[in-house]
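Novice: Residue-level listing of the chains:
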Amino acid sequence: MLTLIRMALLSAMALATTAQATPRDEVLAGYATQARADDAAFAGFSAARGEALHRERHSGGKPDSPSCTSCHGDNTRAAGRTPVGKAIDPVAVSAAPTRYTDAAKVEKWFRRNCREVLGRECSAREKGDWLTYMITQ
Amino acid sequence: MTTLIRSIAVGAALFAAGAVMLGRAQAGSDEYFPPVSDPLTRQECGSCHMAFPAGLLPARSWQKMMGELDNHFGEDASVDAATAKQITTYLVAHAADTARGDMRRWLRGVSASAAPQRITELPKWVREHREVSPGDWTRKEVASKANCVACHVDAERGYFEDD
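First to last, the sequence lines map onto chains A and B.
Every letter in the first sequence is one number past the one before it in my numbering, and letter 6, counting from 1, is 17.
Every letter in the second sequence is one number past the one before it in my numbering, and letter 61, counting from 1, is 180.
There could be a bad hint or two in this list.
No farther apart than 30 Å at their CA atoms in a straight line, the calculated lysine-lysine pairs in the DSS-like style are these [to be verified]: (1) Lys119(A) <-> Lys259(B); (2) Lys116(A) <-> Lys183(B); (3) Lys259(B) <-> Lys73(A); (4) Lys204(B) <-> Lys183(B); (5) Lys73(A) <-> Lys116(A); (6) Lys243(B) <-> Lys183(B); (7) Lys264(B) <-> Lys243(B); (8) Lys73(A) <-> Lys119(A); (9) Lys183(B) <-> Lys73(A); (10) Lys183(B) <-> Lys119(A); (11) Lys243(B) <-> Lys259(B); (12) Lys116(A) <-> Lys204(B); (13) Lys243(B) <-> Lys204(B); (14) Lys119(A) <-> Lys243(B); (15) Lys204(B) <-> Lys264(B); (16) Lys204(B) <-> Lys119(A); (17) Lys204(B) <-> Lys259(B); (18) Lys264(B) <-> Lys116(A); (19) Lys119(A) <-> Lys264(B); (20) Lys73(A) <-> Lys264(B).
To give an idea of the interface, some chain A residues facing chain B are shown, with a C-beta separation under 7 Å as derived from the structure [said to hold, decoys possible]: (21) Gln31; (22) Arg60; (23) Lys97.
Simulated from the structure, these hints should not be mistaken for laboratory data.
Glycine is no exception: its CB is placed at the ideal position from the N, C-alpha and C atoms.
Using the sequences and the accompanying hints, generate a full structural model.
Specialist: Given below as structure tokens:
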């Protein structure tokens, strides 16, 4: 009986997510609007570019955090760890389904972390690429 | 009838005594610091490290720290103005020198004009951890002195007893 209810709930949720834009879609749509405003030739986000941004070692930021993976780890579906030792929820949406649904929170962490890793703020295209990669993970 | 009243009175007295003892064990102990009770403070101050109990620093330390969040021990931990205001209000109201209970003992050796920023540099903290060997601090699972829960498994609930 419980299983039946759970299945019914799950299919209802699946229907709900396909029927309307989720908060995460809206966050991504906001970055797309900004990316188009930044560059008229913008042709959509790329998970491949997002993965490169996530995994590459950058030189503009702090020496102890040259890459997103310095704290988030190589496996997007596994927990990361802050420099002082606290666990960070996985970054992959499949492993942390509530992530990236609050636009202000997403912006806050991009602002902080892009400065730490790249030494500058990320562009809207970079943010959208990175989110697109995590959504596929 | 008198027996009934007497047993109620005895029961109430025992309960009160127990409550007082429990209260003392918590407030007077060097090992219990009430955990952060404000959800916003708990969330914002608990993302990168544990949300340290407000009673671990005096109010003046929290005020200084909250004014310098863009360079928080070398990290950018800035929040918007409204968030900063709410967090500051909470931390100041529950600081070591403003909280109810005898938390001032924790500040022994701290000058009244100083606003220490690192909990791990308070004389009491140093004293309480003097028996920890240097090798333990560098263990991979410890990572830093800010990682209380590596050794104090109930730190998130406010208990910092020796483990």
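Novice: Lys73(A) and Lys119(A) were given as a pair; does the straight-line alpha-carbon distance stay at or below 30 Å?
Specialist: holds (18 Å)
Novice: Compare the distance between the alpha carbons of Lys116(A) and Lys204(B) with 30 Å, and conclude whether the hinted pair is satisfied.
Specialist: Holds, at roughly 18 Å.
Novice: Just to be careful, I want the Cα atoms of Lys264(B) and Lys243(B) compared with a cutoff of 30 Å; is the pair within it?
Specialist: holds (14 Å)
Novice: Is the Cα-Cα distance between Lys119(A) and Lys264(B) 30 Å or less?
Specialist: holds (26 Å)
Novice: Would the hint linking Lys204(B) and Lys119(A) be met if the CA-CA limit is 30 Å?
Specialist: Roughly 17 Å between the alpha carbons, so the hint for Lys204(B) and Lys119(A) holds.
Novice: Does Lys259(B) pair with Lys73(A) here, judged by a C-alpha cut-off of 30 Å?
Specialist: holds (21 Å)
Novice: Given the hinted pair Lys73(A) and Lys264(B), is their alpha-carbon gap at most 30 Å?
Specialist: holds (21 Å)
Novice: Given the hint that Lys243(B) pairs with Lys183(B), test it: the Cα-Cα distance must not exceed 30 Å.
Specialist: Given pair Lys243(B), Lys183(B) holds - Cα atoms ~21 Å apart, limit 30 Å.
Novice: Are the Cα positions of Lys119(A) and Lys259(B) separated by 30 Å at most?
Specialist: At roughly 29 Å apart (the allowed maximum being 30 Å), Lys259(B) and Lys119(A) satisfy the hint.
Novice: Would the hint linking Lys73(A) and Lys116(A) be met if the CA-CA limit is 30 Å?
Specialist: This hinted pair holds, its Cα atoms lying about 22 Å apart.
Novice: What's the verdict on Lys204(B) and Lys259(B), does the C-alpha distance respect the 30 Å limit or exceed it?
Specialist: violated (36 Å)
Novice: With 7 Å as the cut and Cβ atoms as the points, is Lys97(A) at the interface with chain B?
Specialist: This hint holds: Lys97(A) lies near chain B, its Cβ roughly 5 Å from the closest one there, short of 7 Å.
The structure fails to meet hints 14, 17, 21, 22 from the earlier list, while all remaining hints are met.
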